[in-house]
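Protein sequence lines, in the order shown, are assigned to chains A and B.
Heads up: take any position in the first sequence, counting from 1, add 1127, and you land on the working numbering.
Heads up: take any position in the second sequence, counting from 1, add 89, and you land on the working numbering.
Be a bit skeptical, because a hint or two may be false.
To be verified - Straight-line Cα separation of at most 25 Å, PhoX-like style, residue types lysine-lysine; simulated pairs: (1) A:Lys-1206 x B:Lys-119; (2) B:Lys-119 x A:Lys-1256; (3) A:Lys-1200 x A:Lys-1241; (4) A:Lys-1240 x B:Lys-119; (5) A:Lys-1567 x A:Lys-1540; (6) A:Lys-1350 x A:Lys-1340; (7) A:Lys-1514 x A:Lys-1567; (8) A:Lys-1514 x A:Lys-1540.
Hints are computed from structural coordinates only; laboratory data are not their basis.
All figures in this text were calculated on a predicted structure; none of them were measured in a lab.
The chain contents come next:
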Amino acid sequence: MSWEVVIGLEIHAQLTTNTKIFSGSSIAYGAQPNTQACAIDLGMPGMLPVLNEAVIGKSIRLALALNAEIGRKSVFERKNYFYPDLPKGYQTSQLQYPIVGKGTLEIEVDGVKKTIGVTRAHLEEDAGKSVHGILPGMSGIDLNRAGTPLLEIVSEPDMRSAKEAVAYARKMHELVQYLGICDGNMQEGSFRVDSNVSVRRPGAPLGTRTELKNINSFRFIEKAIEYEIARQIEVLESGGKIVQETRLYDADNDVTRSMRSKEEANDYRYFPCPDLLPVVITDEDIDAVRAQMPELPDVKRARYMAEFGLSDYDAGVLTGSRELAEYFEAVLAATGGKDAKVCANWIMSDLSGALNRAGLSISQSPISAAHLAGMIARIQDNTISGKLAKQVFDAMWNGEGSADEIIASKGLKQITDSGAIEALVDEVLANNPSQVEAYKGGQEKMLGYFVGQIMKASGGQANPGQVNQILKAKLGG
Amino acid sequence: MSLGKTEVEYISRLAAIAVKDDEVGEVAAKLSNILDLFAQMEAADTQGVEPMAHPLDQVQRLRRDVISETDQHEKLQSVAPSTSEGLYLVPQVIE
């Protein structure tokens, strides 16, 4: 009998604000310990939190993108527990009245589309960080992160495989960056994915779940879930029981391990925070955000296919990040808006390949969109061939200037003068009489040989189309 | 509603408040009184009444997203029992 996998994800997206959710402290990453933790963040007596207006607009953005209900009146509550990195003894969060209600996100796995439910997204503050091993028997606490604004996006248990879970996580990752509400940096913990995994017999009630935490790459999330599914099935099939617990993924050994379980069951005794009043969102607030919404990835993708005639695959790659899509659109616009496929190819093959090898992102590309467009324009007007363009591309990558500068300095201008090309063709044919005989005797592959010789004689600069045309005319005549 | 020893111990552990054995009875009675009061309120008919999130009938004022706090960790840490290299020190929290 088979098992059905049930996965729900809780994603913590750190909002791209300047300051904390309830205080005017900076949230910049990497500062010296406790230099960005003020009296409010520390929960000093008499301090009053005041909500950062920026988190409201960013939450509305997410709600609109997920077609979700918007909490017109959302309420902050205190989630009570004791831990040294939580200075107040409670985390200010939302429970009953979250700022973002029910919504959906569409994913695609192996060509099959599926709609995943989003239960809610609520605003909350992050905790600080514990540093271990600085002094024996002691832990160090850095509260710079305490009070950093988070949106916790909770999905329905709608995913049925590790692949679906990762597709959802990736889609959400792409979305929050498009919306400009989260930088998506998983290494710095700006986008954290917790997976709730369980298995059951089809049709049976939900099985006991375990939670996988602190995994900072999509590849490892997939592997951790795969491992956890196999582990749970093995436990159940050998007559055991799943214990509800948090497990950590050990990437070196590709296993999940039980985290030392807390002595107490979770009993957070939520209650409304008396320091904060209900947050009201008006129609005007929503309209103002709607007016500034960027084009979303799915819409953009469909537009690339309809408007530019790109394939589903090409459109998917180019809209994979907002930066890449903007780069593509800049190149396309600067080359007159035609030849979308040519622009796409240069970006997806040569440029992406070079960026990958150098470990750079599109925003760090040594070749600007203007420079790449300048090069493509020279292909379009026949100044250079696609082959010469590769040399220009490499030179631009090495910072040798714009396409025009490189073409001039390296003398890469394509030969398009048919008289000059004819002379080259004549020369090559005259120098290779036996090959000409062979060709005329039926060895058509000799054509490639002649083209190669002619291109070589021209220093690679003859226009290949014209070479072919003139060569065929001469040989045929 | 009356609370027993087990509940008092559980609640005191969650709240991290030490309750001595000879205080359990008194604490249990006090907490039970509070719960009785809630039970009384719960008995009221609240059909059609919007749940109240805050006793003040006002909405949250918002703050502009501008950095206004400066680094005051030396001052703030002067009242901490123990610090090292900018970190607050606490008894080790993991094994």
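Q: Starting from the hint list further up, note which numbers the structure goes against and sort them upward.
A: Structure breaks hints 2, 3, 4, 5 and 7.
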